[in-house]
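There are 2 protein chains.
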Amino acid sequence: MSCNFHPTPESVPPPNVQYQLQLPKDIPVYRHPLNPLSFLLRAAQIHPTKLALSHPDVPHPVYYTYSVFTQRVQNLAYALIQAGIEPGDRVAIIAPNSPVIAEAHHGVIAARAVICPINTRLTVPEVAYILEHSGAKLIIVDYEYARLVSGAKVPVIISNDTGRAGDPYETFLTNGRIFSQERGWAGLAWETDEDAASSLCYTSGTTGRPKGVITTLRGSYLAAIANAYDTRIHPESVYLWILPMFHACGWTYPWALTMAFASQITLRTVNPKLIWNHLLNSGVTHYCGAPTVQISLVSAPEARKVPRPVTAIIAGSAPTAQLLGELEGKGISVVHVYGLTETYGPFTACYAQDSWKKLSLDERARKYARQGFAFLTSEPARVVYPPKEGDPLDAELKDVPADGKTVGEIVMRGNIAMKEYFKDPAATAKAFRGGHFGSGDLAVMHPDGYIAIQDRSKDIIISGGENASSLAIEQELAAHPDILEVSVVARPHPKWGERPMAFVILKTQAAPKWKGKHADFEADLKRHAKTRLPGFACPEWVSVVEELPKTSTGKIQKVALRKIVAKL
Amino acid sequence: MSCNFHPTPESVPPPNVQYQLQLPKDIPVYRHPLNPLSFLLRAAQIHPTKLALSHPDVPHPVYYTYSVFTQRVQNLAYALIQAGIEPGDRVAIIAPNSPVIAEAHHGVIAARAVICPINTRLTVPEVAYILEHSGAKLIIVDYEYARLVSGAKVPVIISNDTGRAGDPYETFLTNGRIFSQERGWAGLAWETDEDAASSLCYTSGTTGRPKGVITTLRGSYLAAIANAYDTRIHPESVYLWILPMFHACGWTYPWALTMAFASQITLRTVNPKLIWNHLLNSGVTHYCGAPTVQISLVSAPEARKVPRPVTAIIAGSAPTAQLLGELEGKGISVVHVYGLTETYGPFTACYAQDSWKKLSLDERARKYARQGFAFLTSEPARVVYPPKEGDPLDAELKDVPADGKTVGEIVMRGNIAMKEYFKDPAATAKAFRGGHFGSGDLAVMHPDGYIAIQDRSKDIIISGGENASSLAIEQELAAHPDILEVSVVARPHPKWGERPMAFVILKTQAAPKWKGKHADFEADLKRHAKTRLPGFACPEWVSVVEELPKTSTGKIQKVALRKIVAKL
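These protein sequence lines are chains A and B, in that order.
If you're matching positions, the first sequence starts at 1 in the UniProt record's numbering and goes up one per residue.
If you're matching positions, the second sequence starts at 1 in the UniProt record's numbering and goes up one per residue.
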């Protein structure tokens, strides 16, 4: 009974006290510096025995409750501090989706350091550049990628992904454990500057050197809230990691999941068979992934209807009607979001209207393919006229009309826009033209206020003087019943300047039908295009391919397709 | 089709531009000052035609879409500015739940002023004190309460609650409309200081003068997020106003609802018949109310099973097993929250554990009656030893052990704790002892970290040297099958110092059974008590009453019961 009838001397430390960090006395009572670490500490207090993370498909599977996971994070924080990491220092991590990178997202900021996740697909010189540029003081690396940092000049902690004694990463944690046992969370200081950096993520720049995007603790906290709220992640949710956590800090989901007290499952590889096993048998309710990843999922032989509602958060490019229909048919509903590394991942979402329910799949997909409106905790995204030659950087931005036709650049600002490009004030100033972050993505604003991306400026096809959006052409070609995936780029044309060239992957069941009949397929696709696109936007050339070049997040690399075109 | 094939000259102003306020150029790209007005502006952009507010049970019902509601808010902001309201000025409002007070929660802060909602149940001198103390520059008052401000020395705008031309409040809005048509949102400045005051709410102090609680824009924004997220309010949600909006700004729900794009229904009175009509026929999914309000609802003759899941957010006191059972039986699930005006309403919630599902209703109710853990955007609530005589105000607070027995005071801090008591630095300093807001509520901390309120210090009954919690006694007495509602206070006793006296309302169906048999009922209740409570906590006296004295929010006024006891 909840009263003090029988006081006894025994005492257990209250969870809320165990999980408090030091806060200077001069912080006002009514202010607490925002920091996504709050979420994990709260989860450990309220749901200590709940499953936080499982890592099942490895020789040594691990299953961590929130209590254990949080203790490991604390150990990591102390281990980093013991290793000489100081507030503001960068800690690099190179790992596939696994406990070590999930823990780093909390443990590094608990040490008041900056997490610098590095893409596992990069080459040794690319990684060397990032390590050099970021000035990372320590590297945590998964055994599979240890070769990427063999020349590193700073301490390297290798994780064998076993969670067992003897694993160098576990030994490192044990170093921290000595201090954490003695001092607990109270031995660590809470970062008082909510604008302090939380992460440093390098953009996968297709040309030039990658740029280092600095995000803040405040931004990470607010972005995580928007992601959890808008995709309805709650304590009963189970999130499957398909999106690499190294990509823009997994769109802040490492923090959104702890905020929601959800469970997460980490998979080292994007393997449709494994993924379907979890979708069907592990209670998965949410996952994130680019459309190309989703296409490989719905086309997998294991694909069937999921036994409970699943939400797929899609970004990278817009879902087509075909994909939307196939996902819906399997019980998977889609949240289409848009953003960049510079906006903590998702910045806008295509919020559905009730009236769309009455539309045909095709019509609904057109609505859904748009990027929509700014997120809960972001400020409005705008579409503005691109700068003119010689415009000063602080020139007032002018919005394009909401006519669904005039193309401008998507610009963004507010709490979930990046703080800066690390050590690059010139690039930062250029990116922040007119007091907004310029995305470089070209879009129109529809009369209903929905933003719809046309293309990145370099992807626009200028055909006979008309601007043709490669994305818009792809959307229409994808409606062809035999096409699994399609990408369109410009190819020089003697008469029209440029004309669209389509690269197509056929559906498995359609491939035999067109085997050896490329010209017939090309004619068929062109007929299809003519019914849906103006003449200048119809593909002049069609190439049937087995696969398309993709980035680690599943984005199609048009730059690689353009290289192929250049050689034709 | 989302591309720029056929540009046309027509243009419509994009919604995201229409809804932007002025922001100085020196605000960094990555920072936007938090302000709950963001939520309404976003709702108007994304869901302009969605029903924002309906006010149905009046001679002139109104139904406002988000577009119309937001326009009215803009008009109000301009009208206030035209009336001479400057940033930081207080604007008082006295109204039952109705459009005018909903609009004021957005319009006053859009004018960068501070909303000061006044309890409609106060007397003329009490209102005069608040008007004087707050220094309100303008008063908006509902016609039914106009008499409360007849002596006011500042402009008074009367609302006849018609939404029609000729209504003085509508005329006032029309004044604003002249400017808003011309200037739009762009004519208003965004408050750059997120710690600026958003509201000034006076506590319903049972003794002494009421104190004015200042909240901030940042706190209102973050509290609204926590309320919407934790109670799962979403675009399809319909919220029924039962809690008075004048009480702690309706626990920030005016903002939480717009954040969620939800619809709200305002009712001028708490009338169980009307409420049931809406619960059964208007798609209601959420409402807030004290347990006494809920008891009147489940006991109403109209009560039946609701046609869709409804969430009742309960605060003010803990729900009993009986109430929980009756609500669940009607399809209404409960979220039990705890807080004060000084914490924007809810600061903690009793987060349910999966393991509770297996418990009996009685056992589950005991778990559920606890105040639980801090909210998403609040910092941990602590239970600390009360100050000793002569302790300095900055003395370190010491947590009581998590033994479920040692009584301490609940203290709180962080983003959803108040900024200060208005014009009362001495009371503020005292309330902020040890860098936390002291609630004055006595509680224990259970080993699982759940806080459970015992009593306010003055409600503790000291019986034979033992501290008996009146709340704990009430919980046990309420389990008696014939009791509708019960309140327990201390009554002086020659031998034991104090002993508990119970005031009981019988269930309608039980009343005839005990008619004229008071002594039998008393004996029966005492037998019941003996099986559940230690001897010193059993009631010595039982009084069967027709009703219990309550505050405007439905809290039982123990001070009034103690007055009755004093006369016995």
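To be clear, the hints were calculated from the coordinates, so they are not data collected in a lab.
Keep in mind that the hints are not guaranteed to be accurate.
Okay, derived cross-link-like pairs now, BS3-like style, lysine-lysine, Cα gap no bigger than 27 Å in a straight line [claimed, not checked]: (1) K50/B with K50/A; (2) K517/B with K458/B; (3) K25/B with K398/A; (4) K357/B with K50/A; (5) K358/A with K50/B; (6) K458/B with K495/B; (7) K458/A with K388/A.
query: CA of K25/B to CA of K398/A, is that 27 Å or under?
result: holds (15 Å)
Holds or violated: K517/B to K458/B, with C-alpha atoms at most 27 Å apart: violated (33 Å)
message: Can you confirm whether the C-alpha distance between K357/B and K50/A stays at or below 27 Å?
response: Distance of about 15 Å is within 27 Å: holds.
message: Between the alpha carbons of K358/A and K50/B, is the straight-line distance 27 Å or under?
response: Holds, at roughly 16 Å.
task: Assess, step by step, whether the Cα of K458/B is no farther than 27 Å from the Cα of K495/B, and give holds or violated.
output: holds (20 Å)
- prompt: Is K50/B within 27 Å of K50/A, Cα to Cα?
  reply: Roughly 38 Å separates the two Cα atoms, so the pair is violated.
- prompt: Would the pair K458/A and K388/A pass a check requiring their Cα atoms to be no farther apart than 27 Å?
  reply: The given pair, whose Cα atoms are some 17 Å apart, holds under the 27 Å limit.
Comparing the model with each numbered hint stated earlier shows that hints 1 and 2 do not hold.
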